[in-house]
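**Q** From first to last, the protein sequence lines are chains A and B.
Quick note on my numbering: the first sequence kicks off at 486 and runs consecutively.
Quick note on my numbering: the second sequence kicks off at 486 and runs consecutively.
Simulated from the structure, these hints should not be mistaken for lab results.
Accuracy of the hints is not assured; some may be wrong.
Listed next, the in silico BS3-like pairs over lysine-lysine satisfying Cα-Cα at most 25 angstroms (straight line) [as the list claims (entries may be wrong)]:
id : chain 1 : residue 1 : chain 2 : residue 2
1  : A       : 524       : B       : 494
2  : B       : 534       : A       : 489
3  : A       : 518       : B       : 524
4  : B       : 526       : B       : 499
5  : A       : 534       : A       : 494
6  : A       : 518       : A       : 494
7  : A       : 499       : A       : 534
8  : A       : 526       : A       : 499
9  : B       : 524       : A       : 526
10 : B       : 524       : A       : 494
11 : A       : 494       : A       : 524
12 : B       : 526       : B       : 494
13 : A       : 518       : B       : 534
14 : B       : 534       : B       : 494
15 : B       : 489       : B       : 534
16 : A       : 526       : B       : 518
17 : B       : 524       : B       : 494
18 : A       : 518       : A       : 489
19 : B       : 489       : A       : 534
20 : A       : 524       : B       : 499
21 : B       : 526       : B       : 489
22 : A       : 524       : B       : 526
23 : A       : 526       : A       : 489
24 : A       : 526       : B       : 526
25 : A       : 489       : A       : 534
26 : A       : 524       : B       : 518
27 : A       : 494       : A       : 526
28 : B       : 489       : B       : 524
2 protein chains.
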Amino acid sequence: MIRKAQELKREVIKGLRGGQGEVEIVHLLEADKNEFNGKGKLFAKFTLKPGVSIGWHQHSGDFEAYYILGGRGLVNDNGREAPVQAGDMVLTRNGEYHSIVNNGAEDLVFIALILLA
Amino acid sequence: MIRKAQELKREVIKGLRGGQGEVEIVHLLEADKNEFNGKGKLFAKFTLKPGVSIGWHQHSGDFEAYYILGGRGLVNDNGREAPVQAGDMVLTRNGEYHSIVNNGAEDLVFIALILLA
């Protein structure tokens, strides 16, 4: 099954996990349509404009990977702050915490994958 | 845990699934390190130079999603041929078949995710 770019489900969320600004999400697979077969709950492309963030939160019962496609961000990786850019991967395991902010001048774009623990 | 771009596991496979040329794979999560927690087996960035392909094959016991990041390709989606480009998603469910070829002039780059059925 092919879903063209314009057919993918888009969402804009303000203040995601207590973060600043609006996060744009393009869903690649949809949990509502059982497209994860019970193995996960999110596979999506996120876009954060400069200054936009996803607040600090814990993953409980699942784990998340970010793969940075473009832009620059600052991640709090379970208590440790580190810069990220295109090609970097952030893995937040079950029980761990993270946050991310676009602290650059371009859009921060990444793929996010959440699988069940 | 953050894995910088240069730390990600890279692989070059010739004739993947009977396809033409060499496919470059950057592994974002590694099954060998139990990073899928048993839910999947591949989360990777694939790069196919012009003319390179992944041959026609069936997914059995798992399913795969491609998310096209750049370039142009021709997918055989379980018997139906269709062009793909940046932003398009291809879902090959358990039991279905697919192949992909870079029929453009630029690198064809996509994210591939294989989860267990």
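**Q** Each hint: holds or not?
**A** Each hint tested on the structure:
no.	hint	in the structure
1	A:524 <-> B:494	holds (24 angstroms)
2	B:534 <-> A:489	holds (22 angstroms)
3	A:518 <-> B:524	holds (18 angstroms)
4	B:526 <-> B:499	holds (20 angstroms)
5	A:534 <-> A:494	holds (19 angstroms)
6	A:518 <-> A:494	holds (12 angstroms)
7	A:499 <-> A:534	holds (12 angstroms)
8	A:526 <-> A:499	holds (20 angstroms)
9	B:524 <-> A:526	holds (12 angstroms)
10	B:524 <-> A:494	holds (24 angstroms)
11	A:494 <-> A:524	holds (20 angstroms)
12	B:526 <-> B:494	holds (14 angstroms)
13	A:518 <-> B:534	violated (34 angstroms)
14	B:534 <-> B:494	holds (19 angstroms)
15	B:489 <-> B:534	holds (24 angstroms)
16	A:526 <-> B:518	holds (21 angstroms)
17	B:524 <-> B:494	holds (20 angstroms)
18	A:518 <-> A:489	holds (17 angstroms)
19	B:489 <-> A:534	holds (22 angstroms)
20	A:524 <-> B:499	violated (30 angstroms)
21	B:526 <-> B:489	holds (21 angstroms)
22	A:524 <-> B:526	holds (12 angstroms)
23	A:526 <-> A:489	holds (21 angstroms)
24	A:526 <-> B:526	holds (16 angstroms)
25	A:489 <-> A:534	holds (24 angstroms)
26	A:524 <-> B:518	holds (18 angstroms)
27	A:494 <-> A:526	holds (14 angstroms)
28	B:489 <-> B:524	holds (24 angstroms)
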